[in-house]
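Trainee: Using the sequences plus the hints, can you model the full thing?
Chain order of the listed sequences is P and C. Position 144 of the first sequence, counted from 1, bears residue number 144 in UniProt numbering, the numbering being contiguous throughout. Position 98 of the second sequence, counted from 1, bears residue number 98 in UniProt numbering, the numbering being contiguous throughout.
Misleading hints may appear alongside valid ones.
[Stated by the list, open to error] Straight-line C-alpha distance at most 30 Å; calculated DSBU-like pairs for lysine-lysine:
id	chain 1	residue 1	chain 2	residue 2
1	C	K89	P	K230
2	P	K140	P	K206
3	P	K113	P	K52
4	P	K230	C	K49
5	C	K88	P	K108
6	P	K120	P	K65
7	P	K120	P	K173
8	P	K198	C	K88
9	P	K153	P	K140
10	P	K116	P	K198
11	P	K113	C	K88
12	P	K198	C	K49
[Stated by the list, open to error] Partial pick of chain P residues on the chain C-facing surface, computed with a CB cut under 10 Å:
id	residue
13	Q101
14	L115
15	P118
16	L195
What the hints contain is simulated information worked out from the structure, not anything from laboratory work. By construction, the Cβ of each residue, glycine as well, lies at the ideal position given by its N, Cα and C atoms.
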Amino acid sequence: MAEDREILREIWEGRLPVCFTLATEEVSTPIAPDPFYLMVPRLTYFPLVTDKVRRHFVRCVVPEKHDNEMWLEFERHPLKWHYPIGLLYDLFVSNSELPWQITVHFDKYPDNKILKCPSKDVVESHLMHSLKEADALKHKNHIMALMQERDHKQLWLGLLHDRFDQFWSANRKLMEHSAEDGFRYIPFRLYVPQLTSKPFVQYLIKPVENEKKLVVEDLLQRANLNFESKGPFQVVIHGIDIPLETPLQWISEHLSYPDNFLHLCIRYSQT
Amino acid sequence: MDNNPVNEALPDAASVEDNEQNVEMPSHTDESLPALPNSAPATPKADNKTPKITVVLCPVGGAPIMRQRKWEVDSTQTIGFIASFIRKKLTLQKSDSLFFYVNQSFAPSLDQTVQNLFDCFGSDGKLILAYCRTQAWG
Numbered sequence: 001m002a003e004d005r006e007i008l009r010e011i012w013e014g015r016l017p018v019c020f021t022l023a024t025e026e027v028s029t030p031i032a033p034d035p036f037y038l039m040v041p042r043l044t045y046f047p048l049v050t051d052k053v054r055r056h057f058v059r060c061v062v063p064e065k066h067d068n069e070m071w072l073e074f075e076r077h078p079l080k081w082h083y084p085i086g087l088l089y090d091l092f093v094s095n096s097e098l099p100w101q102i103t104v105h106f107d108k109y110p111d112n113k114i115l116k117c118p119s120k121d122v123v124e125s126h127l128m129h130s131l132k133e134a135d136a137l138k139h140k141n142h143i144m145a146l147m148q149e150r151d152h153k154q155l156w157l158g159l160l161h162d163r164f165d166q167f168w169s170a171n172r173k174l175m176e177h178s179a180e181d182g183f184r185y186i187p188f189r190l191y192v193p194q195l196t197s198k199p200f201v202q203y204l205i206k207p208v209e210n211e212k213k214l215v216v217e218d219l220l221q222r223a224n225l226n227f228e229s230k231g232p233f234q235v236v237i238h239g240i241d242i243p244l245e246t247p248l249q250w251i252s253e254h255l256s257y258p259d260n261f262l263h264l265c266i267r268y269s270q271t
Numbered sequence: 001m002d003n004n005p006v007n008e009a010l011p012d013a014a015s016v017e018d019n020e021q022n023v024e025m026p027s028h029t030d031e032s033l034p035a036l037p038n039s040a041p042a043t044p045k046a047d048n049k050t051p052k053i054t055v056v057l058c059p060v061g062g063a064p065i066m067r068q069r070k071w072e073v074d075s076t077q078t079i080g081f082i083a084s085f086i087r088k089k090l091t092l093q094k095s096d097s098l099f100f101y102v103n104q105s106f107a108p109s110l111d112q113t114v115q116n117l118f119d120c121f122g123s124d125g126k127l128i129l130a131y132c133r134t135q136a137w138g
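Mentor: Here it is as structure tokens:
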């Protein structure tokens with residue numbers, strides 16, 4: 001168990017270097033502002049780490065737009081703030097280029113493509129409801145419902161302030177399960193933009209069936225998608241290529257994002 | 001799932017409709033379940049290729065009711081689509097808040113699809129979505 005706890009910490013400490021640049025058409029000063037570099041935790045959400053980015057760039061856009069909500073773009077994809085940063089990277093950056101080049105906008109918020117995020121409270125609410133959904137799958141929502149408000153706050157503040165111990169003091173309760181059966185269902189989302197028009201697919205899968213431990217390959221089989229049709233592929237989470245024989249219960253306990261979901265991306269090798 | 005206590009608080013008309021539907025589900029809704037290509041009379045948006053999912057919209061916390069509770073919705077549609085549909089039906093202002101809950105516990109994200117929610121939280125061939133004007137379950 002000791003070494004497995006190390007894995008939790010390694011995952012928590014995953015960082016991505018990002019280079020933010022203001023969209024050229026929005027620069028209103030004679031000289032364009034310098035790019036802004038930041039190391040960001042993979043597990044968090046952009047609105048929780050980009051206050052400085054906003055302050056750096058907002059003075060270079062026209063005053064009428066100073067109060068606008070900032071949004072981010074990578075290669076014409078508006079980045080959904082309610083996806084964890086690591087997921088966005090695994091989903092969109094195919095050549096593993098670093099630092100990650102992201103364009104900052106204050107104008108023309110694409111609200112038909114991404115949700116609005118007027119404050120950090122919205123992120124907190126999103127995290128809490130994702131945790132409840134995950135808990136509904138794992139434990140019929142019993143644990144989140146019985147948790148005290150204080151524990152909910154530990155989860156949120158732990159993520160907000162990047163405090164591993166604070167987050168896990170509450171999160172370990174959400175990871176409890178009976179030894180032989182594991183969770184009721186595994187909370188996961190599978191991102192396969194190459195094969196489906198849906199942003200992600202989600203369905204019920206148990207960690208153990210007929211006393212057999214199910215693995216990542218079993219999960220893929222039940223998606224009813226022809227993964228091989230586009231050539232060899234990898235299942236990626238936290239930038240890690242996951243072996244298909246990894247047991248679902250283990251991966252759910254150790255590699256879930258703070259919202260308690262496994263966000264699994266399918267990645268095809270570049271041809 | 002259908003033992004929603006809220007139903008009792010509804011005006012008679014809605015309760016009657018509700019009872020009717022609970023006893024005998026009209027056959028067209030059965031035919032429209034996701035696995036089948038669908039020949040059901042389409043409601044919010046018609047598209048013969050996309051499978052439909054039966055979504056039951058339950059008002060909670062004093063939210064206004066709608067004459068029709070059961071809708072056939074394209075499985076690829078999102079909660080955001082249902083939200084704007086309800087807003088139109090109830091003529092809500094942009095500034096009015098509207099919340100959705102599944103399982104009486106969590107609020108799905110607006111870009112979540114009806115299909116995913118149905119696959120994980122549907123029961124008896126339908127997905128029950130509670131809606132309200134103020135937060136109901138935290």
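Trainee: Now tell me, hint by hint, if it's right for this structure.
Mentor: We went through each hint and held it up to the structure:
Proposed proximity of C:K89 and P:K230 is contradicted: the alpha carbons are some 43 Å apart, above 30 Å. For the hint pairing P:K140 with P:K206, the CA-to-CA distance comes to about 13 Å; that is within 30 Å, so the pair holds. Simply put, P:K113 and P:K52 have alpha-carbon atoms about 25 Å apart, close enough for the 30 Å limit, and the pair holds. A threshold of 30 Å between alpha carbons decides the hint, and for P:K230 with C:K49 the separation of about 24 Å falls inside it, so the pair holds.
Only pairs whose Cα atoms come within 30 Å are accepted, and C:K88 paired with P:K108 is accepted, the gap being roughly 25 Å. Restraint check: the Cα-Cα separation between P:K120 and P:K65 comes to about 20 Å, which is no more than 30 Å; the hinted pair holds. As the CA atoms of P:K120 and P:K173 are separated by approximately 25 Å, the hinted pair is consistent with the 30 Å bound. Taking the CA atoms of P:K198 and C:K88, the gap is about 25 Å. The hint holds against a cut of 30 Å.
At roughly 21 Å between alpha-carbon atoms, P:K153 and P:K140 fall within 30 Å of each other, so this suggested pair holds. A hinted pair counts as satisfied when its Cα atoms are at most 30 Å apart, and P:K116 with P:K198 qualifies at roughly 20 Å. Restraint check: the Cα-Cα separation between P:K113 and C:K88 comes to about 20 Å, which is no more than 30 Å; the hinted pair holds. For the given pair, P:K198 sits about 15 Å from C:K49 by alpha-carbon distance, which is consistent with the 30 Å threshold.
Look at P:Q101: its Cβ only gets to about 25 Å from chain C, farther than 10 Å, so that hint breaks. Annotation: interface hint on P:L115 holds; nearest CB of chain C at approximately 6 Å, less than 10 Å. The beta carbon of P:P118 comes no nearer than 12 Å to any beta carbon in chain C, farther than 10 Å, and the hint placing it at the interface is violated. For the restraint placing P:L195 at the interface with chain C, the shortest Cβ-Cβ distance is roughly 14 Å, beyond the 10 Å limit, so the hint is violated.
In this structure, the hints that do not hold are numbers 1, 13, 15 and 16, in rising order.
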